[in-house]
Structures are given as C-alpha cells and as structure tokens.
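Participant: Construct the complete structure from the given sequences, taking the supplied hints into account.
These are the residues of each chain, in order.
Number of protein chains: 2
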Amino acid sequence: MNEEERVLQDYQQEILDILRGQDDPAVKKERLEDYHANDMASCLPELTKEEREVFYSLLDMESLAEMMEYAEDAGQYLEEMDAQKAADILVKMEPDDAVDLLKETEPDIKKAWISRMPLENRKELQSLASYSEDLIGSRMTTNFVSLESNLNIREAMRSLIDQAAEHDNISTLYVVDENESYYGAVDLKDIIIARKDTKLEDITETAYPFVYADERIEDCLEKIKAYSENSIPVLGEYKEILGVITAQDILEVSDDEMAEDYAKLGGLSAEEDLNEPVVDSVKKRLPWLIMLLFLGLLVSTVVGLFETVVAQLTIVMAFQSLILDMAGNVGTQSLAVTIRVLMDEQLKAGDKLKLLVKEMSIGGINGLVLGFFSLVGIGAYIYFFKHMPLHVSIGIAFCIGISLLLAMVISSFVGTIVPIFFKKIGVDPAAASGPLITTINDLVGVVSYYGLTWLLILEIMQIKVA
Amino acid sequence: MNEEERVLQDYQQEILDILRGQDDPAVKKERLEDYHANDMASCLPELTKEEREVFYSLLDMESLAEMMEYAEDAGQYLEEMDAQKAADILVKMEPDDAVDLLKETEPDIKKAWISRMPLENRKELQSLASYSEDLIGSRMTTNFVSLESNLNIREAMRSLIDQAAEHDNISTLYVVDENESYYGAVDLKDIIIARKDTKLEDITETAYPFVYADERIEDCLEKIKAYSENSIPVLGEYKEILGVITAQDILEVSDDEMAEDYAKLGGLSAEEDLNEPVVDSVKKRLPWLIMLLFLGLLVSTVVGLFETVVAQLTIVMAFQSLILDMAGNVGTQSLAVTIRVLMDEQLKAGDKLKLLVKEMSIGGINGLVLGFFSLVGIGAYIYFFKHMPLHVSIGIAFCIGISLLLAMVISSFVGTIVPIFFKKIGVDPAAASGPLITTINDLVGVVSYYGLTWLLILEIMQIKVA
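Respectively, the protein sequence lines represent chains A and B.
Per the UniProt record's numbering, numbering through the first sequence is continuous, rising by one, with the last residue being 466.
Per the UniProt record's numbering, numbering through the second sequence is continuous, rising by one, with the last residue being 466.
Read the hints as simulated data drawn from the structure, not as lab findings.
Mixed in with the good hints there might be a few duds.
Put simply, identical chains are the same to the list, so a pair is met inside one copy or across any two.
[What the hints assert, rightly or not] The calculated DSS-like cross-link candidates involving lysine-lysine, where the alpha carbons are at most 27 Å apart (straight line), are:
id, residue 1, residue 2
1, Lys49, Lys348
2, Lys423, Lys123
3, Lys348, Lys424
4, Lys29, Lys223
5, Lys85, Lys123
6, Lys354, Lys223
7, Lys29, Lys199
8, Lys354, Lys424
9, Lys28, Lys199
10, Lys354, Lys284
11, Lys352, Lys283
12, Lys348, Lys199
13, Lys284, Lys352
14, Lys92, Lys223
15, Lys283, Lys103
16, Lys423, Lys111
17, Lys85, Lys354
18, Lys29, Lys92
19, Lys123, Lys348
20, Lys354, Lys49
21, Lys196, Lys352
22, Lys225, Lys424
23, Lys223, Lys28
Facilitator: In structure tokens form, the structure reads like this:
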C-alpha cells in the first residue's frame, strides 16, 4: 500500500462531506452509522451552529451521547440545545463523563439540566460528584453488569443480555452474593464457553482485585495497573459495588499523575495548557519564582561572604558557575531517578538505603572522572592562556577539581535524601524537592570552592594575584 | 468497614499459606483457582525453587502461562524448568509478552525453547519480534477474534465461541471481508443484543479506527488514546489484520513514553531502575555530564572576560548566581510546558507562535515583578548592609533588576524556541533542549549583567570600589 492510499483514512473529512452533501437525510443517517464517535466529535468545532443542529437530528440519542463523551468542550455544545435535550443526552452519557462535564458548567445552567433528569440519574450523578478529585470514587463509572452468584450460566446469560443494552462494559462481569455484596468477577469469555447448567459461582474468581471508593488514587494506582485488567470494581463501605474503574480511566488517571509529576519537576505547580490565559500562568508560576528568588538571595549572601577571596584572586570567580551548574545537573539526575523509584509503594527501608548508596557511588565516580579532567584541563588553561605561574595554576585547578568532586557527591546525596525525606513527612517530593536541592547544592558548592581556595591559595600558599 | 478488615485483602499471603499448608494437592489446586494471576505471580520470588516446582504442578498450563505474563523476571523461572515445559508455557502466553520475555533471554536458551515450539507459534513469535521497538508492530498481540462479514449473528456467535477458548480479547470483534482484508469492528455487546438472523455486516462499524504495524508509536499514540477503545486493530501492507493493540498495551506504551520524557527532562539519557548496576548508570550519565562540563567551561570562559569588571567592583559577583539561577528556573518552566504542548501532533504553526508569545509574556511579567522587587530589596541591602554610597547602591541594584528582567524574557524565548527547533529538525526535544537552554541562558545572563554593570557603573558613573 502506498502513502497516498493511507491518507484516505481521513474520517473527519468524510463525515464533513456527508453532512454537507446533497444526500437525503435518511441516507446521511445510515452513512453516519459507520463512523466512530471520536471522529464525529472531531467535526463539531468545524461546523456552524446551524450545521451542528442538523447533525444532531441525524443521530439517535445513544450516538449523540457517545459523541459528546469524546467532544472537547462538550458543555458548550449542550448549551446550544434546549435544556431538556441536553439533560437527555447527559443521562445517556457515561456517568463519569457527565459528571466531569457538569463540573465545568455554570451553576444556573447545571441546575436547569439536572432538574430535567429522572430522579434515579440525578442521584447517581450527585453521588459520583461527591467524591473529591484525589479519590478513586471520582473516576469510577457505573457502567458495569452485575450478576447474582446463585444463577446458572443460562440464567446469567439472560440477565447479561437484559443489562447489556444499558451497560456495555461486559468483558468482565461482577458477581454479588445474596446481600448484594461483592463476591467476585468472571470473564465474559468463560461464560460464553461454559456449559449452560454450570453454576455461576463455580467459575467466579472470588479473589479478583478490587478497590474502595474512598482510597486515594495515588495510593492504589500502581496496584491497579499491575493487574492490567479491563476493569476493576470499586466498592463502598459495605462491600457493595458502587462502580468500576476501566482501563481507559486508568490510562487517563495515569497520564494525569505523570503529567503532574513532570510539570513539577519542570518547576510548575500544575500542568498548563496552550489555551490558558497568560495571567493564570503568571499566577501559577510567580509564587514559585518568588520563593526561588529568596533562596537565590540566600546563596548570593553566602557568596558575598567570600568577596575578599575574589578580590585577591579574581580569576577563581570565572569557575563558580561551572561548579554550581555541574552540582545542579547531578542533583537533578538523582532527583529524577529518586522520584520515579519512590512511586513504587512497596519500597522497603533497605531499598532506600541501597538507592542512596548507589546514587552517591555514581556521583562519586562521575565526580572523580570530571574532577580529574577539570584539574588537568583547567590547570593547563590557566597556565597557558591566563599566564599564571605554574604552582598557582595547579593550586587553582586543584581547588576546582576537588570542589567539583565534593559538590557532585554531595549533590547526589542531597538529590536522593531530600525527596525521600519529603515523601516520609507526607509532602509531594516532586514539587518540593527541586528548589531546596538547588539551594543546598549552591551553598555547598560555593562554600567548598571558595573555602578551599581561601585555605589553600591564600592561607597556605600565601598567593595574592588580583 | 474498619481499617483492620481492609487489610485482609492480602492475597499474596493467602496464596503462600495455601501453598505451604497441609491440604491435599487437589484441595490446594481448587483453592488456587480463585486467585488472580497477578497475585500468584507476586508469590514467586518468595518461594524456594522446590516450592515453585510444587506450585507449578498445581496449576494448569493456561494459569501457569497467565501467571508468567505477570511475573517479573519470568525468564528466570522458565529457565528452572525443563525446556519443553518452558516452550509449552511460552506458546500459551500472550504473544507480545512471550516476545518480550524471549528478547531478554540468552541466545542458546532461547534457541532451545523456540526449537521445541510448534511451527505455527514459532512463526508468529518471530514475526512479532521482527518489528523494531519504536514501531506499533512490536507492541501488538495476536490475541483477537476475527469474523467474516457475510455471516449472520447466529453464525458469528458460533465462530466466536470456537475462537474464544484461544483468544480472550472479545469485547471488540474484528470483521474481515472475503479477501481477509479488514472490514470493520463490532462490539460484542451489539452481537449479544442483536436479532439472530441480522447480517453481521449490518452492525459492523466500517470506519472503526486502525493503525499500521509499521507506524511509529510516538506518531500515533495520541491518536490511539483519543479513541479510548479496548483494542484497536493493527494492519499489514494489504490491510490484513496482523494483531491488535489493547488498552493495556496503550497504558504500558504511554507510561514508557512519559517516563522517558521525564527522565530526559531530569538529564538522564534513559530511565534507570534501582537494580541496575552502578557502572551501567555511570555509563548512561557520564557522556551527558561531560558535554555539560564543556558547555560549563564555555560559560566560565565568557565570565572570565569580565574579570576586570569584577576586580573593580567585587560586590557584583555575589549576585551572578542569582541571575543565572532565576534564568535557569524560568527556562526550565518554559521547556517543560513546550515539550508537553509539542507532544500534540496536530499543532499548527500559529499555535507555536502563540505559545512563544505567551511564554515570553509570562517571562516578561514575572521578570518585571521580580526585577522591581530585586531592585528595591537588593538596593536597600547593599546600602544598609554593605555600606555603599546611595548612588552606587542604586546603580548596582538597577543593573541587577534590568539583567533579571532581560534574562527572564530571553530564557522564556530560548526555553520555547529551542525545543520547537529540535522537534522541527527531528531531534528529540526532551533530551537535547536542557543543556543548550542552560548554556544560552547562562551566557545571556552573564553578558547582560556584567556588560550592563561595566557600562553603567564603570563607564558612565565612573565608580571604582574594589
């Protein structure tokens, strides 16, 4: 197949062509049935308000609701409709998507929609909306099929068919006991290939994993991922099934958590996107920068203490940035590794010690290599290009090499111990560690470099060159 | 339910208790059936080699294969078995997991296993293994059900039941035409609720999304994620279905890609883990650090050019670290935002310009705030604590404030444009941008700070204090 043929997979354009074509509405309707809701949703921003209205009229409620699950800014499209139609669509949508949409809607519009829903759906959405964002409950959907454990396969299949029209997450089915408590799970595949008179409970996996609705997402995400199932049940206080977390939910949550960590490592308090107003981004970043400014002033004050050293030997100040930058680089590497390792909940105290020793060994080895390299290279540079006497060149190069080694070992230590410490006291290590590590590293670098220079060159060797 | 009851969900301990208990093997066998393969896999490292052998004898081949899919270091456990048993297990495993496992196995052991497999499976694994790591083909599994489009629902159901024992990804079924070419997909739910004499092709979604096996993962990952389906078919050159990418595969791939970006932002060439030998980590990080050292030397050389400025006014060197650190912080923020925005493939040229303007505006506003703040604060500090004359204090503070503003605007620019540039020329922006941005920012900061100081304080105001 050549590239040209591949390009044909432009479903968005095909849908737009159908909508804007001259076909009979009935024909358009039938042709649209072949397309995926996600591709239909991607057409919405390309259409005018009037074209969208025609589009909606060509879809049944179910397709319309599914399309809205995929649409960005779905709320905006619902607001164009009359309130009753919007409410009907919301009722047909996956409950967790509906809740997300409602959370971003103006209170009075939200009220108008919710008041037009059947009581049962209203209750369901309100109960989902009641979980705070960091709890599993806020990400679950009530789209699942539950079967009673005392059914046989034939009865279970009938119950499944009854529920499947409403609930289409059917690759894993949940089994409840006579008290409606969670009993276990069964693969649809096993039901399909089982003999018709087998008891459902005989093929139920009773130790199928589950989570509680009030567990914190970050506490159980890794566990859920480890099972790599299509869905995992979410239980309430009395082991009743409140909903399920699907693989799609897990992907979404996992992406969000990672993106958050990533943003924090980059010195952002939260993820930002392209369409956010400048003033919001400023507000997010400024407090962080102000804190960093204060920490920077602290470092400057300490550097200021060594003014006399620099006044007597100005050449040494040129290499300050080198030592601080390298310490910063090494510290960031250790930080990035440590934060990732800390995400694993099952980490034992021994593992942390192992990590610390490992990071310091790496820092030490790299520091030895780079320190030696700098000693020779910078010594030669100062001797040949700055025309300093040989013993002064060697002395300064020695100070730089040793400070580099010291700074790198200590940076590795700090870059590892600080996030471990923050994790221990319950502060998010990805957010808090960066500035503290930079500040400590800068201070260590400055003090060891200028301190060593002062001691060796000015005090011991008694050299003054400025 | 109280915390104590919740702790009871320690399936690993339960399984260990069963294995080490006094029950009859038949009883143990039956009790083990209730547990999830992931929990059984987590027991493997806790057992001795002899206990593992007994464990395996209690499981049927299917459960054994499933457990190995979940086990870390599954290869190591297979090596303990005789080669024929290992080969049998590999054949039963999900093909993509089996390929992953084989990739990490010594060539001679791998050969021994593969030679003991049926020809068909051998071919299948070899074909999966032939895709390079960055292509979709390397992540697909051949676990899917395909049905012919000319069947009716009754016939389709029968064909499904035949295939379901081997292939248990059945929530979405794939439909092929008479030439075995991809025709579309159908939800199992729709088959279950459809009338028995409906034609399969009538309920098939013919524009269901698909990918080609030779597409690059990073090129189509966002597209696949947008459809949030349980599986998406992977097609070959002639539109034949080679396999599917499941939601679990997508989660795994997505995690890997994110972790890689994250590691790169932290200055690591690739993700590292706790158990990697120190020497491997040193090898990964050292080349990076050596490059950074050279860039640092470049900055030091430029700083060295301003030696005379510092010699005449040593107090200014104390604030060099402040300006460089702040520029670095702002640049990293812009970098982190830009890399995330660039992951969206559908980005237009206008969006990039918009991002650039936005980042520079944020940098400018933050720079104005912090620059003004520094001007007042540092001016007062120098006047009151360093006992400089008022006009000198104001002059130096002015230089610091202006340099800070300049450095922050330019850092925002550099932090945005550099990753966009690298992306354009096809270099991974997450890996390459960091050091270049730091270096440029350091140079800009140093030149503007010392240059301004030289111009304003030494040349215009003619002040020499050192």
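Participant: Would you mind marking each hint as holding or not holding in the structure?
Facilitator: Against the structure, the hints:
1. Lys49 x Lys348: So lysine 49 and lysine 348 pass the 27 Å test across copies only (24 Å; inside, 58 Å).
2. Lys423 x Lys123: neither (38 Å within a copy, 48 Å between copies)
3. Lys348 x Lys424: Intra 12 Å, inter 44 Å, cutoff 27 Å: intra-copy only.
4. Lys29 x Lys223: between (44 Å within a copy, 25 Å between copies)
5. Lys85 x Lys123: within (19 Å within a copy, 54 Å between copies)
6. Lys354 x Lys223: within (23 Å within a copy, 40 Å between copies)
7. Lys29 x Lys199: between (44 Å within a copy, 19 Å between copies)
8. Lys354 x Lys424: Intra 17 Å, inter 41 Å, cutoff 27 Å: intra-copy only.
9. Lys28 x Lys199: Between copies, since 21 Å is at most 27 Å while 47 Å is not.
10. Lys354 x Lys284: between (36 Å within a copy, 19 Å between copies)
11. Lys352 x Lys283: between (36 Å within a copy, 22 Å between copies)
12. Lys348 x Lys199: Intra 43 Å, inter 58 Å, cutoff 27 Å: neither.
13. Lys284 x Lys352: Classified as between: cross-chain Cα gap 21 Å, same-chain 32 Å, threshold 27 Å.
14. Lys92 x Lys223: Close across copies (25 Å), not inside one copy (31 Å); limit 27 Å.
15. Lys283 x Lys103: within (22 Å within a copy, 49 Å between copies)
16. Lys423 x Lys111: Classified as neither: same-chain Cα gap 41 Å, cross-chain 46 Å, threshold 27 Å.
17. Lys85 x Lys354: neither (60 Å within a copy, 36 Å between copies)
18. Lys29 x Lys92: within (20 Å within a copy, 44 Å between copies)
19. Lys123 x Lys348: Neither, since 43 Å and 43 Å both go past 27 Å.
20. Lys354 x Lys49: between (61 Å within a copy, 26 Å between copies)
21. Lys196 x Lys352: So lysine 196 and lysine 352 fail the 27 Å test inside a copy (53 Å) and across (60 Å) alike.
22. Lys225 x Lys424: Within one copy, since 24 Å is at most 27 Å while 35 Å is not.
23. Lys223 x Lys28: between (46 Å within a copy, 26 Å between copies)
Checked against the numbered hints given earlier, the structure breaks hints 2, 12, 16, 17, 19, 21 and satisfies all the rest.
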